[in-house]
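Novice: Sequence:
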Amino acid sequence: MLEIRYPSEITSLLSYFSLRLDPRSLKERFHVSPSGLGTRLRTGLIRGAASLSRSSSSAPPSPNEQAMSPAMKYYLSKKRKHDAFMEAQSQEFERGKAQLARMMGSPLETLSQEEVDRAIEYLFPSGLHDPRARPVLRPPESIFPKFDFDGRPFHPFFYCVSPNFIQSLHELVDRLQMLQFLERTAQNTSSLPRLEASFFSGSEWIPRESLSDTYLEDISEEQYREFTDILERLSVHPFAFKIKDFLSKYRVSLGESSSDTSERTAGTDAATSFLQPEFDEKGAAYVEAIGQRKSSVARVRVTKPGTGSFTLRHIDFPTEDPQGIRYFSSYLQRHQILLPLQFTRLLGSVDVDCVVGHGGPSGQAGAIRYALSTCLKSFVDSETVDEMRVLGLLTQDVRVRERKRFGHVKSRKKFKFKKR
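At position 34 of the sequence shown (counting the first as 1) the number is 34 in the UniProt record's numbering, and the numbers step up by one without a gap.
Hints in this document: simulated from the structure, not taken from any laboratory. Certain hints may be false.
Here are the computed lysine-lysine pairs in the DSSO-like style, where the Cα-Cα straight-line distance is at most 30 Å [unchecked claim]:
#, residue 1, residue 2
1, 294, 414
2, 81, 97
3, 97, 79
4, 418, 404
Make a model of the complete structure from these sequences and hints.
Specialist: So, in structure tokens, the structure goes:
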């Protein structure tokens, strides 16, 4: 049998693919003779080596040498800008603190942040209601957001609307889950100590306004209700004594209620409180009150006993002779003013002196009626006051004229539709 000698490249390649060294099989598989196959293999190997050398020269870099993505470049540039900004703010804070120490005559080394806040409040008194609008001098780290090396904020809830409030909710839930775990693993909970009654006496949960001022965030009524519900669940838990110090952070004494809380209840107390009558030089009792309606303002003085006189003057014309009920040309407005006197049966028994300003006759009549009703509360019994409240005489009318809208005839009225 004739022995065919194959090139070494063919032998190694065929052995790699486990092919039989049979000329017929080679010709059937590759459609070429052994000599032609060797030529093609040599050419292919040379081309493969050349392409391999080119690919090795342009191979992708290692993970450590990969080009940064646009997002990474953005974060790093943002981080560099933030660091430069914080450095400038820190230098400005140190200069301001040194100047403040010289103004107050205090050594800079021992000047604490509490002393800085008191000095700023003393030097720059402000009547602004929102604490965030008042002047402050604090380190920039406590005012501006913090970012890590990659430009991401350190606060886990930085992108929430109320990050500090959300974090406090998570802390409350963590405490609740811890107490529930202790309750499940405890053998007997009947002998556990309870929170003493003195912990809750004379104090209440922190009001919503104070909580908003503490976190410098707007907290809605629904969020505050959820917050207090979790606190109530924690306070009645059998293991609540373990987090007594944590709960005390959210308890305030009843005397420390914020002014906003008193203002919120002022509208409710106004209908039940009485104005203390004063006495003039003749010994007659009188009460003064101010009423508002739309843009009109009225100051009313009711004197008892009286002859039933009713005087009215406009604030823009104080020198003119005072007018009576005929100042209003409409009978509806006259009846509106006389209704409190007729309802309390004091018509003809008291003297009424009114001063009105601004607005039109309708608003002035409503302002006089509310102020007059407030004054008459001091001269009637509690049952009559309740009836006045049911009738609506002691309710402030807070409605105002609705603005005209673009594309409308008035605030609600539309233009007439025309097909053509």
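Novice: Can you confirm whether the C-alpha distance between residue 81 and residue 97 stays at or below 30 Å?
Specialist: holds, 24 Å
Novice: Take a quick look at whether residue 418 and residue 404 sit within 30 Å of each other, Cα to Cα.
Specialist: holds, 22 Å
Novice: Just to be careful, I want the Cα atoms of residue 294 and residue 414 compared with a cutoff of 30 Å; is the pair within it?
Specialist: holds, 24 Å
Novice: Are the Cα positions of residue 97 and residue 79 separated by 30 Å at most?
Specialist: holds, 26 Å
The structure shown violates none of the earlier numbered hints.
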